[in-house]
Amino acid sequence: MRPNVNQRLAIARCVICVGPGGVGKTSTSAAVAIEAARRGRRTLVLTIDPAKRLANALGLPEIGNEERLIDPSAFTRQGLAPPTAPLSAMMLDIKRTWDEVVTRHHPDPERRQRLLENPLYVAMSTALAGSQEYMAMEKLHELSSRTHDPLDLIVLDTPPANHAVDFLEAPNKIIDALDNDATRWLLEPYHQKKKLTKKLFDAGSSFFIRTISRFTGTELLTDLGELLAGFQGMFDGFRARAEAVRKLLAADTTDFWVLSTPLQADEAQDFWARLSERDLLVAAVVLNRATPDPYDGAGPADPAALLAAIQRAGGSPELAQRVVAVTQQMATQAAAERARAEVLRGAVAGTPVILVPQRPEDVHDLVGLEALRQGLFG
Amino acid sequence: MADGAQSLLDRRFQVVVGKGGVGRTLVASAIALRSARSGRRTLLLEVNAPDNCAATLGVAPAVDVPREVMSELYLCRMTPEGAMREYALLVLKFKALYTLVFENRLVKYLLRSIPSLGEFTMLGKAWYHAEERLPDGSLKYERVIIDAPATGHAITFLSVARTVADITPPGVMKDAAEKMAQLVESKDYSALHVVTLPEEMPVNEGLEMLAAGRGKLRMTAGVGFVNRRLPSLVSSAEATTIDALDPKAPGLGPYLQAVAGRRARERFQGAHEQRFREASGLPVLTIPELGPGPPALEEVVQILGGSKP
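In the order they appear, the protein sequences are chains X and G. Final position of the first sequence in the numbering used here is 393; the numbers increase by one with none missing. Final position of the second sequence in the numbering used here is 493; the numbers increase by one with none missing.
None of these hints come from the bench; they were simulated from the model. Predicted model, so just to flag it, every value in this text is computed and none were measured. Incorrect hints may appear among the rest.
[To be verified] Restraint-style ranges between C-beta atoms, simulated for each label pair:
| id | chain 1 | residue 1 | chain 2 | residue 2 | range |
| --- | --- | --- | --- | --- | --- |
| 1 | X | Gly36 | G | Gly454 | 21 to 27 Å |
| 2 | G | Pro319 | X | Arg254 | 55 to 61 Å |
| 3 | X | Glu132 | G | Ala455 | 43 to 49 Å |
| 4 | G | Gln458 | X | Glu333 | 25 to 31 Å |
| 5 | X | Lys110 | G | Thr470 | 33 to 39 Å |
[Claimed, not checked] List of simulated lysine-lysine pairs, DSSO-like, C-alpha gap at most 27 Å:
| id | chain 1 | residue 1 | chain 2 | residue 2 |
| --- | --- | --- | --- | --- |
| 6 | G | Lys358 | G | Lys324 |
| 7 | G | Lys400 | G | Lys371 |
| 8 | X | Lys67 | X | Lys110 |
| 9 | G | Lys400 | X | Lys110 |
| 10 | X | Lys67 | G | Lys358 |
| 11 | G | Lys363 | G | Lys400 |
[What the hints assert, rightly or not] If we take Cβ atoms under 7 Å as the criterion, some of the chain G residues that face chain X in the derived model are:
| id | residue |
| --- | --- |
| 12 | Val249 |
| 13 | Glu384 |
| 14 | Met385 |
| 15 | Ser416 |
| 16 | Leu417 |
| 17 | Ser420 |
| 18 | Glu422 |
| 19 | Asp427 |
| 20 | Leu436 |
Built from N, CA and C at the ideal position, the CB exists for glycine as well.
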């Protein structure tokens, strides 16, 4: 028997929530963090792009990368049990994290400044595919290895992904995009202390470069050369931290939570399989937004009694029929979702599968998070 | 049909945007099908999202060149690699040169690290098809409908022409970018349609996208679509009747629980739909949720005022 989510939450140092978009990753991450902090663990939840009202509920400011302690009185005011250890939240700002990484790790102050000011750098830091994921990992590494205000648990909310591997492969992809044979070839003169632009546009120096520049324009290529040159000297650090993150992800105190919905149970299974085949620990599969079963805890259903009651209250038999039909429809849907979850349970080799009922509205406040927390941890 | 929606759905260059999972592909496919059925030759372009439109339309998967999949309806996919190849061939006009240079491993690496180059070439392809002419000088495709990527990516995609036009020195690339930007920004030809669900995050993102469209992208706002809206289960008079029932009476519990849950969702959806209508100022069309699965394409075509097959 594998440990259940309650047992895992007592020992995990990192919880990473993965899944497709729109399945409640941010709110689930927050609910997990609240539960851990209630149990006395110093917890930080790192989110990517929270809904505005949820961000407000967590006390997150508009600007990113600032750690905010969640005031326990925010819970007590709503009649909820407060955390017994510090609980903080942070919103990841991709551009700022790039700036922080470059500022902290770039060996050469002058080139560092040129890099930060390069027009393509700004575009790259936000537009390059995998940039979000990579920066989430850089931040995770920084937070997990810090010595002041150490944390017992970091809960990471990840960007929406089609495949679990998008997230895992991001660091290598980014490093590869910035540092490869082509870059080194282009930058050769840089190391020979020649002017980069001279190499680029020296007549006859490069048939390739001239042809590409017919296509892109010359200025763009110069900026690109400068951009790539700007990153020189940083790659060893990138690689070392990517390796450290890889170890962190594989650690037996790092738990993945796969989040999805009953309608997207196939995707959940795919995420589970891809994580498991890499020997990563999936602690739970959560299917949010399950259709609530109207027969659940509401006593017996008697259509004749409903018809009689509605008619007594002046309603039509047709109204009674409609109500019976919609109830039946919900119950059928709920049963189908439970059956799908059961199939999933069989496929994920003992990983707990948790079905969380849909609430009328998206979770956007502490009361909503509390309901979600109860759904997850009982 | 909402005021003004009809003429916006008749424009030459229409882009459909919205948060991931809200039903952009369904709406884009329905707009394209409506247009094709009205006898206009229509090209539906999907951006870097394999097979979604084809699956929605129930036809064979899209390829890199437009292919007629139904009468007057052409489907084509755009990928950064495919579009870059096509664009380079247009510029270089010499295939051997393309192969020699662009198929070079080093060059491929290099091009991949230029941010937004993929978006630029894809938008370039869209522009090319929107301007493509038959020998008699008439437009090859009377309408081009783009199933755009999700919000953040869509803004990059649609702003790339203006950005390139503004930052590059005079030359081939600047000229192309300027023409592309003019099409995107055209007051007469283009429209930006926004799809959302009646929920918090999708509405927020839809409004953000719209603000970017009207501001930075200088586009004409099109039609707003609220997808998967639960229809009212009961009228307000019937609601009063239901509210008068005793939830503790034997046999009624599950029914009242089901109705209460359904009505709560309808109310929250209504509030988000209202917020979207007011904040967007768009003519809004509502696509009802008819079952647990996605709404059928034909129903959406009817909602858009299109004819039956």
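Verification of the hints:
Between X/Gly36 and G/Gly454, the C-beta spacing of about 24 Å keeps the proposed range 21 to 27 Å intact. At roughly 57 Å, the beta-carbon separation of G/Pro319 and X/Arg254 lies within the given 55 to 61 Å, and the hint holds. In this structure the hint that X/Glu132 and G/Ala455 lie 43 to 49 Å apart at CB holds, the actual value being about 45 Å. Taken as a hint, the range 25 to 31 Å holds for the pair G/Gln458 and X/Glu333, whose Cβ atoms sit roughly 29 Å apart.
Distance hint for X/Lys110 and G/Thr470: a CB-CB separation of about 37 Å, consistent with the stated range 33 to 39 Å. For the hint pairing G/Lys358 with G/Lys324, the CA-to-CA distance comes to about 25 Å; that is within 27 Å, so the pair holds. For a cut-off of 27 Å, the pair hint linking G/Lys400 to G/Lys371 stands: about 15 Å separates their Cα positions. Restraint check: the Cα-Cα separation between X/Lys67 and X/Lys110 comes to about 19 Å, which is no more than 27 Å; the hinted pair holds.
Restraint check: the Cα-Cα separation between G/Lys400 and X/Lys110 comes to about 19 Å, which is no more than 27 Å; the hinted pair holds. Of the pairs offered as hints, the one joining X/Lys67 and G/Lys358 is violated, with about 39 Å between alpha carbons and a cut-off of 27 Å exceeded. With a C-alpha separation of about 17 Å, the suggested pairing of G/Lys363 with G/Lys400 holds against the 27 Å cut-off. Interface restraint check for G/Val249: the shortest CB-CB distance to chain X comes to about 21 Å, outside 7 Å, so the restraint is violated.
A distance limit of 7 Å between C-beta atoms decides the matter here; for G/Glu384 the minimum to chain X is near 4 Å, and the interface restraint holds. A least Cβ separation of about 5 Å between G/Met385 and chain X falls short of the 7 Å threshold, and the interface hint therefore holds. Given the 7 Å rule on beta carbons, the hint for G/Ser416 is violated: about 11 Å separates it from the nearest Cβ of chain X. The interface hint given for G/Leu417 holds, since its Cβ lies 6 Å from the closest Cβ of chain X, which is under the 7 Å cut-off.
Look at G/Ser420: its Cβ only gets to about 13 Å from chain X, farther than 7 Å, so that hint breaks. For G/Glu422, the interface hint holds, since its Cβ comes within 7 Å of a Cβ in chain X; the closest pair sits about 5 Å apart. Hint status for G/Asp427: violated, given a least beta-carbon distance of 9 Å to chain X, over 7 Å. Nearest Cβ of chain X to the Cβ of G/Leu436: about 6 Å, under the 7 Å cut. The hint holds.
Hint violations for this structure: numbers 10, 12, 15, 17 and 19, all remaining hints satisfied.
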